[in-house]
Amino acid sequence: MTKIRQIFLQIPSLKRKWEQFLHQQGLTSFSEAEVTNLDFTLGLYEGQKLLGTGSISDNVLKFIAVIPGELSAAYFNQIVSALQSYLVQNGQTHMMVFTKPQYEASFNYVGFKTLTKTIQGCLLEAGNPGIQQYFKNLPHVSNQKQHQVAAVVVNANPFTIGHRYLIEKAAQENEIVDVFVLSANHSLFTSDERLYLVKLGVADLKNVRVFPGGSYLVSYATFPAYFIVSKDNVIRYQTTLDAQLFRDQIAPVLNIKKRYLGDEPFSHTTNVYNQTLKAVLPPKIQVVIIPRLQQGNQIVTATAVRQAIAHQEITTVKDFLPEITYQFIQDHQSELLERIKKGVNINGN
Amino acid sequence: MEIKKTVIAGTLESSDIQITLSPATGDNLEIELESDVLNQFGNQIKKVITETLQKFQITKVHVKAIDQGALDCVIRARTITAVQRALGQTEPAWEEL
Numbered sequence: 001m002t003k004i005r006q007i008f009l010q011i012p013s014l015k016r017k018w019e020q021f022l023h024q025q026g027l028t029s030f031s032e033a034e035v036t037n038l039d040f041t042l043g044l045y046e047g048q049k050l051l052g053t054g055s056i057s058d059n060v061l062k063f064i065a066v067i068p069g070e071l072s073a074a075y076f077n078q079i080v081s082a083l084q085s086y087l088v089q090n091g092q093t094h095m096m097v098f099t100k101p102q103y104e105a106s107f108n109y110v111g112f113k114t115l116t117k118t119i120q121g122c123l124l125e126a127g128n129p130g131i132q133q134y135f136k137n138l139p140h141v142s143n144q145k146q147h148q149v150a151a152v153v154v155n156a157n158p159f160t161i162g163h164r165y166l167i168e169k170a171a172q173e174n175e176i177v178d179v180f181v182l183s184a185n186h187s188l189f190t191s192d193e194r195l196y197l198v199k200l201g202v203a204d205l206k207n208v209r210v211f212p213g214g215s216y217l218v219s220y221a222t223f224p225a226y227f228i229v230s231k232d233n234v235i236r237y238q239t240t241l242d243a244q245l246f247r248d249q250i251a252p253v254l255n256i257k258k259r260y261l262g263d264e265p266f267s268h269t270t271n272v273y274n275q276t277l278k279a280v281l282p283p284k285i286q287v288v289i290i291p292r293l294q295q296g297n298q299i300v301t302a303t304a305v306r307q308a309i310a311h312q313e314i315t316t317v318k319d320f321l322p323e324i325t326y327q328f329i330q331d332h333q334s335e336l337l338e339r340i341k342k343g344v345n346i347n348g349n
Numbered sequence: 350m351e352i353k354k355t356v357i358a359g360t361l362e363s364s365d366i367q368i369t370l371s372p373a374t375g376d377n378l379e380i381e382l383e384s385d386v387l388n389q390f391g392n393q394i395k396k397v398i399t400e401t402l403q404k405f406q407i408t409k410v411h412v413k414a415i416d417q418g419a420l421d422c423v424i425r426a427r428t429i430t431a432v433q434r435a436l437g438q439t440e441p442a443w444e445e446l
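Chains as they are written, first to last, in my numbering: chain A, 1 to 349; chain B, 350 to 446.
Hints are supplied without guarantee of correctness; some may be wrong.
Said to hold, decoys possible - The calculated DSS-like cross-link candidates involving lysine-lysine, where the alpha carbons are at most 27 Å apart (straight line), are:
(1) A:117 to A:258
(2) A:258 to A:278
(3) B:404 to A:113
(4) B:353 to A:136
Since the hints were derived computationally from the structure, they do not count as laboratory data.
Generate coordinates for the entire structure from the input sequences, incorporating the hints supplied.
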């Protein structure tokens with residue numbers, strides 16, 4: 001009789017056994033940072049023997065592995081069921097998986113739909129709201145197809161005059177600009193705060209629409225390396241999935257023909273992402289790279305703003321910020337500091 | 350009656366069926382069924398789900414069913430559980446069984 005039990009990875013001896021098991025099943029390329037970010041891990045046991053395992057991080061199913069043999073499919077289904085009911089019990093009815101191509105069929109078999117795939121990886125989702133629901137919630141204009149639409153994707157952590165400059169530039173050169181603000185909550189400013197500041201910050205630009213990126217644009221599922229430090233090859237194949245998803249699913253729905261990017265002198269991860277976008281998006285979507293805005297001889301960057309918040313010297317970055325963002329930071333200074341103390345990473349993206 | 354939240358009942362294990370109820374996109378019962386025996390038993394599975402929902406007077410819902418070869422009694426039991434979860438009922442509705 002098999003039993004599902006939670007595995008507490010905080011306990012070093014259990015964690016070692018778990019890692020050993022994953023190694024045996026051929027899962028080797030995972031970082032320590034990724035493991036610490038897991039919310040829940042379970043094991044399928046027969047007595048004391050571990051037969052399979054699976055984990056959850058946000059709404060993403062991760063590190064699913066089972067021992068080979070004729071019952072492996074049954075074990076796999078048991079684990080996926082248990083992970084799904086864990087998510088549903090916690091109010092999360094939409095879930096995603098990021099896995100190797102050889103497991104695509106197993107996930108399809110239990111109701112997961114493939115969003116996009118490359119030779120190295122494959123991204124699937126199940127439950128709702130799914131991607132069709134996400135599309136339905138995007139406002140459409142009746143003659144969308146006749147317009148020249150451009151997209152800008154920002155984390156805006158927080159919104160600076162640099163973001164404003166990029167969006168303004170796109171707004172001058174196109175009929176409609178769709179701005180997607182990343183939805184993952186792994187940044188100093190929460191997704192609601194970031195969305196709010198972007199909306200207010202571009203409110204005067206009449207041809208700009210602002211959307212949440214949901215699970216489909218640089219999300220924790222499509223591009224975890226954006227939020228946790230990862231190796232180059234990992235970043236490259238994750239960004240390829242993200243770029244393909246944008247090109248094949250999102251852009252056609254909104255008739256997006258151009259994507260504007262800020263050139264990236266600082267963040268290595270974002271730089272790799274930009275390279276991938278340049279390689280994947282054309283010719284369907286034109287990539288326009290805008291040089292970073294300079295204030296005096298300093299390049300405007302949100303990283304500097306976050307550091308200034310941490311050092312309690314926000315007046316030094318006042319020039320980088322629109323009035324609204326600056327006011328918001330002043331009003332919420334103690335709360336932001338509290339988050340930094342709790343360990344939100346401010347040096348990443 | 351109409352289902353307004355998303356609920357799941359059942360598992361993906363062999364001989365079981367996983368029923369997900371969520372708000373309908375259209376105006377009636379929508380059933381999306383995945384099964385290895387779709388050609389042989391697809392209509393029967395849909396019929397059992399529909400009848401069970403009708404007993405609860407549910408007319409507007411989206412049903413996603415992933416079947417792993419469940420018998421009718423299992424399909425019925427999983428559908429009832431899903432409906433009761435969606436409606437927040439904790440007592441089994443004996444008269445529906």
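Going down the list of hints, with the structure as the test:
1. A:117 to A:258: Status holds; Cα separation ~22 Å.
2. A:258 to A:278: Since the Cα atoms of residue 258 of chain A and residue 278 of chain A sit roughly 11 Å apart, the hinted pair holds (cutoff 27 Å).
3. B:404 to A:113: Distance of about 31 Å is beyond 27 Å: violated.
4. B:353 to A:136: Given pair residue 353 of chain B, residue 136 of chain A holds - Cα atoms ~17 Å apart, limit 27 Å.
Going down the numbered hints, you'll see the structure goes against just number 3.
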